[in-house]
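Line by line, the protein sequences give chains Z and B. For what it's worth, the working numbering labels the leading residue of the first sequence as 1, then goes sequentially. For what it's worth, the working numbering labels the leading residue of the second sequence as 1, then goes sequentially.
Don't take each hint at face value.
Here are the simulated lysine to aspartate or glutamate pairs, DMTMM-like style, with alpha carbons at most 25 angstroms apart [claimed, not checked]:
| hint | chain 1 | residue 1 | chain 2 | residue 2 |
| --- | --- | --- | --- | --- |
| 1 | B | K49 | Z | D65 |
| 2 | Z | K41 | B | E20 |
| 3 | Z | K41 | Z | D27 |
| 4 | Z | K14 | Z | E104 |
| 5 | Z | K66 | Z | D27 |
| 6 | Z | K41 | B | D54 |
| 7 | Z | K14 | Z | D88 |
| 8 | B | K68 | Z | E104 |
| 9 | Z | K66 | Z | E22 |
| 10 | B | K113 | B | D85 |
| 11 | Z | K64 | Z | D27 |
| 12 | Z | K41 | Z | D88 |
| 13 | B | K49 | B | E66 |
| 14 | Z | K66 | Z | E52 |
| 15 | B | K61 | Z | E104 |
| 16 | B | K113 | B | E15 |
| 17 | Z | K41 | B | E15 |
| 18 | Z | K55 | B | E64 |
| 19 | B | K49 | Z | D27 |
| 20 | B | K113 | B | E64 |
| 21 | Z | K66 | Z | E104 |
| 22 | Z | K55 | Z | E104 |
| 23 | B | K49 | B | E64 |
| 24 | B | K49 | B | E20 |
Just a few of them, taken from the derived set where beta-carbon distance is under 7 angstroms, the chain B residues facing chain Z [as the list claims (entries may be wrong)]:
| hint | residue |
| --- | --- |
| 25 | A29 |
| 26 | P40 |
| 27 | L44 |
| 28 | F63 |
| 29 | T102 |
| 30 | G107 |
Source of the hints: derived by calculation from the structure; they are not laboratory data. Each residue gets a CB set at the ideal place from its N, CA and C atoms; glycine is no exception.
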Amino acid sequence: GAVVSQHPSWVICKSGTSVKIECRSLDFQATTMFWYRQFPKQSLMLMATSNEGSKATYEQGVEKDKFLINHASLTLSTLTVTSAHPEDSSFYICSASRGLMNTEAFFGQGTRLTVV
Amino acid sequence: AQSVTQPDIHITVSEGASLELRCNYSYGATPYLFWYVQSPGQGLQLLLKYFSGDTLVQGIKGFEAEFKRSQSSFNLRKPSVHWSDAAEYFCAVGAGTGGFKTIFGAGTRLFVKA
């Protein structure tokens with residue numbers, strides 16, 4: 001159990017376009033989902049926390065208008081990179097948690113975004 | 001604020017030798033601690049976790065870690081390294097209510113030489 005799936009696994013888009021990444025909890029209801037960004041050879045940096053049905057909470061320095069997060073259901077959160085630029089190229093990973101009484105978040109396999 | 005420090009950016013060990021990766025954390029309450037492994041271009045795989053109880057925890061692939069509250073440490077160990085263990089290792093602390101925010105250390109790259 002506790003499987004989190006991200007789609008797509010990799011995506012290439014043109015500069016100026018928008019791209020959407022999906023994060024799904026396949027066998028549990030995720031009240032909270034997290035989005036991370038990982039630059040090459042660096043650690044994972046938390047971008048935002050999203051709770052189902054409410055606005056996401058962004059970490060300091062993350063542009064909320066550029067990285068749109070929607071958590072419309074208990075099994076799906078989406079991250080949309082708007083007006084993507086080459087510097088947005090990165091590895092994006094989501095994780096999902098069952099909620100307050102849970103003590104672990106489960107990670108997706110990541111999405112490699114390349115903006116050309 | 002919660003934080004995780006992995007003092008070694010990279011470590012090289014010979015195949016068959018023992019391994020210890022260091023991790024120190026800063027957290028005001030009882031921490032939930034994790035070790036993850038990431039192969040190049042891949043997602044994260046959970047090696048082991050500590051929530052409470054026995055301070056020596058066993059994980060997958062022959063890894064273990066020991067929680068030492070007095071030293072705020074959670075070092076990862078393996079008695080005999082295999083070439084396939086070469087990867088990036090992340091120590092993490094779980095924090096926050098209303099979900100489970102995971103704070104990662106900078107990572108340690110493990111190289112294994114024949």
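Worksheet item: Against the structure shown, which of the earlier numbered hints fail to hold, in ascending order?
Response: 1, 3, 4, 5, 6, 11, 18, 21, 25, 26, 28
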